[in-house]
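Assemble the complex: chain G is given as a structure, and chain L must be docked to it using the hints.
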Amino acid sequence: MGNDDSGANHSETPQTGFLSRYVFSTNHKAIGLNYLWLALFSVFLGMAMSLLMRLHLVWPGMHLPFLSSLGNSPDRYAALATLHGSLMVFLVLTAAPQAGFGNYFLPLQIGAREMAFPVLNLLAFWATVASFVGMTGAFLISPHSGITLWIVSVAIFCAASLLNALNFSVTTIDLRAQGMTLPRLPLTVWAWFINAILGMLIFSILLAACVCLFSDRLLSTHFFPPSYLLASQPGAVVTSAVSILWQRLFWFFAQAEVYIAMLPCFGLVTHLISTFSRKPVWKERLVVLALCGVGVFGFCVWGQHMFSSGMNPFSPLVFSLLASSLGLPATILLVSWLGTLWNARIQLNTAMLFTLGFISLFLSGGLSGIFLARQDLAAAAVSDDFVTGHFHLVMGVAATFAILGALFFWFPKLFGRRLNEPLGKLHFWITFAGVYCVFMPMHWLGLIAHSRISSGSPLASVAAAGSSIRTFITVAMLITVFAQGLFLINFLWSLFRGEKAEECNFWRATTLEWSVPSPPPADDFGPSDPVVYRGAYEFSVPDVAEDFVPQHFAPEQGAKARESGE
Amino acid sequence: MPGTTAIPDIELIVEDVGGGGGPTPPPGGGDDGDGDDGKRRRKESPTPRRYSTAIALGIVSILMFFMALSSAFIVLRRGSDAWVTVHLPPVLWANTAVLLASSFTLEVARRRLSLTDLPGFRKFWMVTTVLGFVFVAGQLIAWRQLVAQGIYIASNQASSFFYIFTAAHGVHLLGGVGALLYVLTRKFDNTRIALPTAAEIASYYWHFMDGLWVFLLALLYLGK
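If you read the sequences in order, they're chains G and L. According to my numbering, the first sequence is numbered sequentially starting from 4. According to my numbering, the second sequence is numbered sequentially starting from 1036.
The hints are simulated quantities; they were obtained by calculation from the structure and are not laboratory data. Each residue gets a CB set at the ideal place from its N, CA and C atoms; glycine is no exception.
If we take Cβ atoms under 7 Å as the criterion, some of the chain L residues that face chain G in the derived model are:
| # | residue |
| --- | --- |
| 1 | Arg1085 |
| 2 | Ser1106 |
| 3 | Ile1188 |
| 4 | Ser1195 |
Covered stretches of chain G (in silico footprint by chain L; criterion: 3 or more residues with CB under 8 Å from a CB of chain L, positions within the stretch not fixed):
| # | region |
| --- | --- |
| 5 | 162-173 |
| 6 | 210-217 |
| 7 | 301-313 |
Okay, chain G solo, but in the shape it has when bound (with noise of 0.2 Å):
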């Protein structure tokens, strides 16, 4: 956890290698990258724990090497989903998409050759590493030290955020290369760009009630009193008071999260899709549209809560339906997709896969949360299954497709290599079918159990009909995560052993990171500045030799094209 950190302390002696080139390096890529091992890292670590919270679930009396030696209490297991939520949400699902993902393309994608603020963005990269150590760290000590610690981590993360929110739009206004219009710009752009702007509204008020919760821990305030959530909850599930304040403070700053994460997963699918089909993005300025509702979405519902309820983490007045206000423009983005699908020649290469899966479980997890809307949440605790199952399915799974089509997409301009293609589609196939294995049963467990427990008969019936099924969907887990481990041999053989990919544009795609050689040089684009002359998805333009015209080239060698057609 801490040791690319410590080990990096310790071997500071003065030499030009490693620590400037990757430890301390304010160039962008150098930070990207960093952002995606600590992704790639907290993903695997994050897994593990789920693998230790359904080992538990299904054999609760089995030894567990590692939780038996902190005690089983209930706390406890509350904190490991805590924090397996937290590595997830923060480190995975936030982090990877937008601050690694957009540190490296970002800049590329619009002609700059660094961020607007470089020793910010490596400020931010560290405050990122030490909430993650931090957040690690709360689940080791005593409970109630451990809720201060991981508030002081969450705060840290927001602060890291911001800064980094800052950094990405500051560079989207002003560091644009010539003749990148606001038209022009990639959907990723507009993506990372819409959600940077997000990211510094709700941040500051994540930071706030951060500041509000740790004075009350700390300096004995009284905010935000845990008894009004006590005093809240029916009589039964009061058994331990740390364990539900574990879920609640986590909702709370997850609930806020789920638009961050998912806006840039949005773009980079769009962004997937059209290069893959060959097709422009049918209805881009749609698209943006939708891209800035969900956007203010976002914002309107979750800041809303936060305001009506004085931000009050204990409120259950929070917790709202993300699905039900991100309806319209999500339906717009799905639309836009099978539109460009449509009659489309669609090159189906692990990226496209992932990309494909993306929507399925985005429309599948979209499903279900027309279901939740309608129900009671506060009779359905917010740790029931069928939360569980839509939550995971619509954003754990759903976004982590998006990363790894992603990763496949960008691999070659990463580290000039690709990806093993037959390993990465039987990674994803069998990732697939693995994750509707798990996550679906769990919505019918969720209406087991709630139809049981509405209907009155005793929780002991309602425990042994979910049995089987609990089974079922802890053993179709174990495989997806041994699936993972195909990935992982997938990315470290590509790594050094992979098919090389140095041509430029590997892919025919049209944005200007496609331009430079793979991987980027030092300052990105050489000695000239480049120059924009058209819009991200020129497919298949008619009476043009090629099915593409790259962003940079001149309306001159567009027309040769053309004429030559003519």
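For chain L alone, coordinates are given in the frame of chain G:
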């Protein structure tokens, strides 16, 4: 002080933005080819605009932070049956006057700068900085007065909000003082445009801190 780990991080945005309008791009940390890279980057990107955009966005972000706290104040104030009021220490009014005066002297300094009266600019800029320190000292005195009355941060919700508001504003204001000092001490040698721009950006932030304080004071006064 609560959230000391978090707030200085925001502060860094502000300091870097407020005072970072220096002539050179930020140090590259030993990147190869950073030197000539910097030259090209300057040509391609209008540096001052980048900083003013950042300060504008940063102000919005900080405003959201205080709006969130204010909304918590309003909601809790409205929902509470037994709200114990905190009588604001009278020294706050003097502090407010000092802060308003500092905004005035800041504008005078910038006027001097536009008349290329550099010594006059430095004099008034220095006065502004000193007034900033006086304000912070005055806030500390206000805290001492409350403590002398036996009102601590944990005494009641009103006092918690008073301390949190003043502390958060004070920390942000100290960031502004840092920016003022930066503009005062930094040598803006070969770039004539940079000093007025840096002064302008620092002044935006300073006036924002001024307005924010007036808002917070009104909120605390009307909400008692």
